[in-house]
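Q: Sequence:
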Amino acid sequence: MSIENDNGEIRTFIIPVTWEECGQFIVRARTLKEAIDAVEGNEDGCFGTSSANGEYVDDSFKVNRDCLTVVSDISLYDDLFVDLTIEEDDESSS
5 MSIENDNGEI RTFIIPVTWE ECGQFIVRAR TLKEAIDAVE GNEDGCFGTS
55 SANGEYVDDS FKVNRDCLTV VSDISLYDDL FVDLTIEEDD ESSS
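Throughout the sequence shown, residue numbering follows our numbering, covering 5 to 98 in sequence.
Hints were generated in silico from the structure; no laboratory data involved. All residues carry an ideal CB built from backbone N, CA and C; glycine is no exception. All the pointers check out, no bait thrown in.
Across the chosen pairs, the derived CB separations fall in these ranges:
id: 1; residue 1: N46; residue 2: R15; range: 34 to 42 Å
id: 2; residue 1: N57; residue 2: N11; range: 46 to 54 Å
id: 3; residue 1: I40; residue 2: F65; range: 23 to 31 Å
Generate the whole structure from the sequences, applying the supplied hints.
A: Spelled out as structure tokens, the structure:
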């Protein structure tokens, strides 16, 4: 399915985004090196994906335009879906 839409129909898109967060983890370890290694090796998610006091890094939000996707069956993405439907203003209601 093409990303471009010439007929004006409302479609659903997956827009991949990234952003940075700055925060702190509290780690109990024998040495500083062990604590840093534990945080850097967080692939198993034992610290979660976000620090408890994380803050958004200004100007870090970006859209990955190389991975845009048109969705033909939105039910596959129910857990991720946020309805940001953009429709034209209805001038007759003003």
